[in-house]
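If you want the building blocks of each chain, they are given just below.
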Amino acid sequence: MLNRKFIPLTITCCLFFLLFGIGSVQFEGFGSTQVFFNLFSDNAFLIIAAVGMTFVILSGGIDLSVGAVIALTGVVCSVLISRYQLHPLIVFPIVLIGGTIFGAIMGAIIHYYKMQPFIVTLAGMFFARGLASVISEESIPIEHEFYNQVSAFGFEVLGGAWIGSSTIICLVVLVIAIITAHYTRFGGRVYAIGGDANSAALMGIPLAQTTIRIYAISAFLASLAGIVYSFYTFSGYSLAAVGVELDAIAAVVIGGTLLTGGYGYMFGTLMGVLIMGVVQTYISFDGTLSSWWTKIVIGLLLFCFIALQQLLIKTTPR
Amino acid sequence: MSLSSNQHLRRYLWPCAGLLVLFIINAIISPEFFHIEFKDGRFYGSLIDVLNRAAPVALLAIGMALVIATAGVDLSVGSIMAIAGAVSAYFITKGVDSLALIIGAGLVAGLIAGIINGFLVGYMSIQPIVATLILMVAGRGIAQLINEGQIVTFDHPGFAFLGTGSFLGLPFPVVLVIITFAIVQLLTRRTALGLYIEAVGANPSASRYIGLNEKAIKMSVYCVAAVCAALAGMIAAADIRGSDANNAGLWLELDAILAVVIGGASLMGGRFSILLAIIGALIIQTLTVTIILSGIPPKYNLLIKATAIILVLLLQSPLFQKQLSQLKFWKNKKEMNNA
Amino acid sequence: MSQVVLQLQNIHKKFPGVHALKGVNFTLRAGEIHALLGENGAGKSTLIKVMTGVYQRDDGDILLNNQAIFPNNTGDAQALGISTVYQEVNLLPNLTVAQNIYLGREPRRFGLINWTKVNQDAAQLLKGYDLDIDVTQPLSSYSIAVQQLIAIARGVDMSAKVLILDEPTASLDADEVQTLFRIMRDLKARGIGIVFVTHFLDQVYAVTDRITILRSAQLVGEFETATLSRAELIGHMLGKELAALGEHKPQAHATSGDALLSVQAISRQATLSPTDIAVSKGEVVGLAGLLGSGRTELCRLIFGVDKKHSGNVTFHGQPVNFSSPRDAIIAGMGLCPEDRKHDGILGQLSIRENIILARQVKQGWWKFISRKEQEEIANNFVKELSVATSDIEKPIEQLSGGNQQKVILARWLAANPSLLILDEPTRGIDIGAHAEIIRLIRKLCDQGLALIVASSELEELVAFSNKVVVLRDRQKVTELTGDEINPQRIMQAIAAH
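Residue numbers (the numbering used here), protein chains in the order written: chain A, 1 to 318; chain G, 1 to 339; chain E, 1 to 497.
What the hints contain is simulated information worked out from the structure, not anything from laboratory work. There could be a bad hint or two in this list.
As the list claims (entries may be wrong) - In the DSS-like style, the derived pairs of lysine-lysine whose C-alpha atoms are separated by at most 30 Å in a straight line are:
| hint | chain 1 | residue 1 | chain 2 | residue 2 |
| --- | --- | --- | --- | --- |
| 1 | G | 322 | A | 114 |
| 2 | A | 114 | G | 328 |
| 3 | A | 314 | E | 307 |
| 4 | E | 49 | G | 322 |
| 5 | A | 114 | E | 394 |
| 6 | E | 127 | E | 117 |
| 7 | A | 314 | G | 215 |
| 8 | E | 22 | G | 322 |
| 9 | A | 114 | E | 14 |
As the list claims (entries may be wrong) - Quick list of the computed label-pair ranges, beta carbon to beta carbon:
| hint | chain 1 | residue 1 | chain 2 | residue 2 | range |
| --- | --- | --- | --- | --- | --- |
| 10 | G | 268 | A | 289 | 50 to 56 Å |
| 11 | G | 14 | A | 113 | 15 to 21 Å |
| 12 | G | 178 | E | 14 | 50 to 56 Å |
| 13 | G | 93 | E | 88 | 55 to 61 Å |
| 14 | G | 311 | A | 171 | 39 to 45 Å |
| 15 | A | 208 | G | 311 | 20 to 26 Å |
| 16 | G | 268 | E | 14 | 23 to 29 Å |
| 17 | G | 9 | E | 232 | 58 to 64 Å |
Stated by the list, open to error - To list a few chain A residues with every Cβ distance to chain G over 10 Å, as calculated:
| hint | residue |
| --- | --- |
| 18 | 80 |
| 19 | 143 |
| 20 | 155 |
| 21 | 161 |
| 22 | 164 |
| 23 | 180 |
Built from N, CA and C at the ideal position, the CB exists for glycine as well.
Work the whole structure out from these sequences, hints included.
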């Protein structure tokens, strides 16, 4: 019998191939490797951010600051590169470390002051967006040879599909995340806290350290997503990536991760983003459907998966 | 008897003091702040402006206060605003002239959204953040669907009155807030509903033993929140004489939560005060004005708001209070030693 | 005699308003199974939490192999060799069996967890416990009994010298209990000291070597299992200081057989076997039985908190079928639950609000009791029950346990019930309040109110009951009336097997 815990993930995978299949049959050029790999390159930043969100949700938390951190990262990068003429390779470590510290502080507040993650990261979201707009309200273009090189980098694969630098980065992040989640002690602790924080503490799991690390990782990946985002836009803008946290949460849930924590897979999150990408691609191929259907479909998918989760919890033999 | 009045007063003390301080700062920076003029049958002035602009968030905060009292949260109110605006715009552009019908349609749209939220939270026991996230995401899509992706503009003087009219010299949105406040206050404080809501928020298990129907109570608060949101959405649409599904009520759910928290409510549920939530909304709006008046560029707005939230949250945290009092203790000790 | 492995001397632990342990001693030897007994609130769980580092002692010493230890958390205690397995199995249902066993100490290769080894080791380890299961399945796919054995295996594998089993058998069937006992004897043979907390006396006699009994936060004594009779044991647990409360039997007003409440064969799967009970006007029916005997469960079923699976209830001569406590309240019942903090008080709300709520529910939400009337009701009850407070607007959580209990009683009295069910009304409250509540029960009964009172304090039951229903193992075993109501008879009924 199929293991119960794989049910949501299996449904997600089937759904993806079903949608992709329908699109391929219906539209010429849909079922190509190019369209498939474009799903990665178009959504690379979202995949990276959603991977971070997966760690948070697996531990039973939530991080609403992701979109704001992406925007802040873009703004800081563009200011340091364009105004202060720093090399991107010097700037990137700075923003990544800054982002990580930002997440760690949120994690510490959540743990030590026993506050709900959603309100703390909400404040974090305001803070990051606020800081970004204080630095610059205008969109700042990034002009640097390195950016041109990065965006030109890549190689062609079977069927003429192009694998660019952002696809490579997001796949590397995904692989590291899968290894971290499933092959390290830290990964085990994340699942443990999400399963039952009390029991986890009784079993000797260091709650403080783990919680702080989880939010630090999420913010680190959000910063990385911000860097990747800037590769698309060649600019930094304080109002960029509005609502990305919602897309990330939706992807995680559609990917089969339980919102109450403890169950789920990194790979599922990838599938969640890809499903959202396929829906978008389908709508743009169709031409008659309008873009707002994306939101409605994602909302419906969210509802179905949450209802499915609830059903699985209720029927779990105990 | 001093204790009771003290405790009661203390809840009102900080938010009121906060608002007062902001008012005073504003008055110092800009002596015009309290200047109110009566012209063409209505009042004008910065203060009236603050009230008028705070109206949508204040309406949301009224509903949100009830939801938070049951230890829940409603993230979908911004999207419900967009839906209600779109629905009323749809009816107007389809040639419906009856104001009651237009407003009724908007309110019913809100009520349906509230029933969905209430069902998910109350009857399916889905965490509130998650349950309302669904409508937060899908709701804006639905609004765009109704508008067919356009910003639908309309010309209906009766409906526009909701946003720009005035009554007894006050901007009509402010009047609507006062009416809504009065109705909800009556419903919660002149019947036992308010007490029931607080009981469910304070201890759901004990409430069960007293015979309270937690599910129905949760359903009703999400419905009230959604109807308030629908009203706010129609005000916003009437104000610009159009329905903009993308931007109507965008992020206002966060301001509403913030208003309730600034009003001193705990996110863990229990005691609520609608008046304090409205004061919270006023504080947020006044703060924005203060920032503008004091010459700080408006781009600092969010940063200051974020700092304010973090401070308010920390002040509510028992651990932080303890750390603070220890700090005081050490300081006092030092002074004593010095003396 | 074998060597002492764990010794607790003169342990004190205080919580705000409660002195939970008053100088308790406890000695555990290597290779023995030692029962720790006591009724709810006796201090067992506090003592265990002190041993395992969940709480820090206020005074006294803990010696592990003659070395003083100061565990600050369960991790510390585990590292020192003290492992605990709880009734509700504090493992993680979402992780696999193998993950649960090795959580935090997984064998690694090149810095990554070696899952092959984790799973092999886990399977190997569990074979030692006669468990041949798929360790890669989530823990939640196995029964509580298996989960418990897994928890024990984990604890022992972490080099345990002391293994604490906190009510491990509460949800096991007979076969599972036998398996558990076999494992316990194995571990005993390996020289591990086992602390066994249970409320099943049969099991105490089946498996333990010695017994330590706590009562009211104090040590009653340490006994050899072989030489302590069942009746003596129960006597020690429940206390025998009788006479203190005096005998004053309220006269039942209607003994004509016209029962106010009559319950036939009420039952709920895995909770209570079919049970009958009848109460007349002005009568006090006591429910006796140890923890887990079905006392609380019976109260909850009558009041409609849980849904009954079978049985008929007649109230005021009418057949009733309560689908929620609200129905029961409207019909004229009240229930003071056992767990005051969790199910009773509404902590943030004021004394006034806590008192009027049940009455308000009975009237319906639209018939709001005016503020003035509320104050009147609250002030009256505060005075009548002498609740020690200056102000009815104080949040109830600021009162002491005894005063909270009086407020909860007031809540139900304010609703004018004809039947009041009190589940452990005197638990965890100081002696003064205790006596007052007993007096109140008598007075109410004299006023014609019918009461069902569940209690683990025998002298209390003897002092006010017209009839005592004894429950054991989730079913009614006997009903005592008249002169039969004395501590010895009740004790015998509880102990018989």
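Against the structure, the hints come out as follows:
{"no.": "1", "hint": "G:322 <-> A:114", "verdict": "holds, 14 Å"}
{"no.": "2", "hint": "A:114 <-> G:328", "verdict": "holds, 22 Å"}
{"no.": "3", "hint": "A:314 <-> E:307", "verdict": "holds, 18 Å"}
{"no.": "4", "hint": "E:49 <-> G:322", "verdict": "holds, 25 Å"}
{"no.": "5", "hint": "A:114 <-> E:394", "verdict": "holds, 26 Å"}
{"no.": "6", "hint": "E:127 <-> E:117", "verdict": "holds, 15 Å"}
{"no.": "7", "hint": "A:314 <-> G:215", "verdict": "holds, 17 Å"}
{"no.": "8", "hint": "E:22 <-> G:322", "verdict": "holds, 29 Å"}
{"no.": "9", "hint": "A:114 <-> E:14", "verdict": "holds, 24 Å"}
{"no.": "10", "hint": "G:268 <-> A:289: 50 to 56 Å", "verdict": "violated, 43 Å"}
{"no.": "11", "hint": "G:14 <-> A:113: 15 to 21 Å", "verdict": "holds, 18 Å"}
{"no.": "12", "hint": "G:178 <-> E:14: 50 to 56 Å", "verdict": "holds, 52 Å"}
{"no.": "13", "hint": "G:93 <-> E:88: 55 to 61 Å", "verdict": "holds, 60 Å"}
{"no.": "14", "hint": "G:311 <-> A:171: 39 to 45 Å", "verdict": "holds, 42 Å"}
{"no.": "15", "hint": "A:208 <-> G:311: 20 to 26 Å", "verdict": "holds, 23 Å"}
{"no.": "16", "hint": "G:268 <-> E:14: 23 to 29 Å", "verdict": "holds, 27 Å"}
{"no.": "17", "hint": "G:9 <-> E:232: 58 to 64 Å", "verdict": "holds, 59 Å"}
{"no.": "18", "hint": "80", "verdict": "holds, 19 Å"}
{"no.": "19", "hint": "143", "verdict": "holds, 24 Å"}
{"no.": "20", "hint": "155", "verdict": "holds, 36 Å"}
{"no.": "21", "hint": "161", "verdict": "holds, 30 Å"}
{"no.": "22", "hint": "164", "verdict": "holds, 29 Å"}
{"no.": "23", "hint": "180", "verdict": "holds, 25 Å"}
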